[in-house]
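1 is the number of the first residue of the first sequence in this note's numbering; add one for each residue after it.
Be aware that a few hints might be false.
25 Å max Cα-Cα, derived DMTMM-like pairs, lysine to aspartate or glutamate [unchecked claim]:
id	residue 1	residue 2
1	K27	E53
2	K27	D100
3	K46	E72
4	K22	E87
5	K3	E79
6	K3	D100
7	K3	E87
8	K46	D93
9	K46	D31
Simulated from the structure, these hints should not be mistaken for lab results.
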Amino acid sequence: MSKTTAFQQRVYDAVSQIPAGKVTTYKALADSINCGSAQAVGQALKRNPNAPEVPCHRVINSQLNIGGYLGETQGASLEKKRQLLAEEGVEFDVGGRLIDGSRVALP
DNA sequence: AGGGTGACTGCTA
DNA sequence: GTAGCAGCCACCC
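My request is simple: use the sequences and hints to build the entire structure.
Structure (structure tokens):
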């Protein structure tokens with residue numbers, strides 16, 4: 001068993017609450033868990049012990065830009081994340097930017 | 001126990 | 001529009 005902390009549990013819970021076809025920003029997520037730092041949220045997702053259980057691919061940054069996936073900031077993993085989002089109806093451009101900002105589910 | 005890092009954000013040049 | 005700097009919280013070595 002991984003040593004998941006309460007903070008990470010909150011992050012995973014909040015992320016798993018994101019409906020399909022929608023995405024959320026690290027800032028909104030951090031605010032949702034009452035955390036003043038989105039970087040801490042990213043840290044939890046980067047070290048996420050349950051990647052397939054948590055739709056971490058539905059989390060993007062404030063600039064509507066894709067963050068990363070399974071610790072890969074660049075590479076094929078990013079393309080896979082983009083593909084997953086495209087399957088849910090969220091389309092991204094070649095630069096990894098969200099095309100339809102309305103897909104962002106703000107709390 | 002301490003320091004450095006990071007899937008971030010916001011402002012300024 | 002891009003580029004650089006500082007601030008923030010939690011985790012890892």
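Against the structure, the hints come out as follows:
Proposed proximity of K27 and E53 is supported: the alpha carbons are some 21 Å apart, at most 25 Å. Taken as a hint, the K27 and D100 pair is honoured in the structure, with Cα atoms around 18 Å apart against an allowance of 25 Å. At roughly 9 Å between alpha-carbon atoms, K46 and E72 fall within 25 Å of each other, so this suggested pair holds. At roughly 11 Å between alpha-carbon atoms, K22 and E87 fall within 25 Å of each other, so this suggested pair holds.
At most 25 Å may separate the alpha-carbon atoms for a hinted pair to count; K3 and E79 exceed this at roughly 29 Å. Of the supplied pair hints, the one linking K3 and D100 is violated, its CA atoms being roughly 37 Å apart against a limit of 25 Å. The suggested pairing of K3 with E87 is violated, with an alpha-carbon distance near 32 Å, which exceeds 25 Å. As the CA atoms of K46 and D93 are separated by approximately 23 Å, the hinted pair is consistent with the 25 Å bound.
For the given pair, K46 sits about 18 Å from D31 by alpha-carbon distance, which is consistent with the 25 Å threshold.
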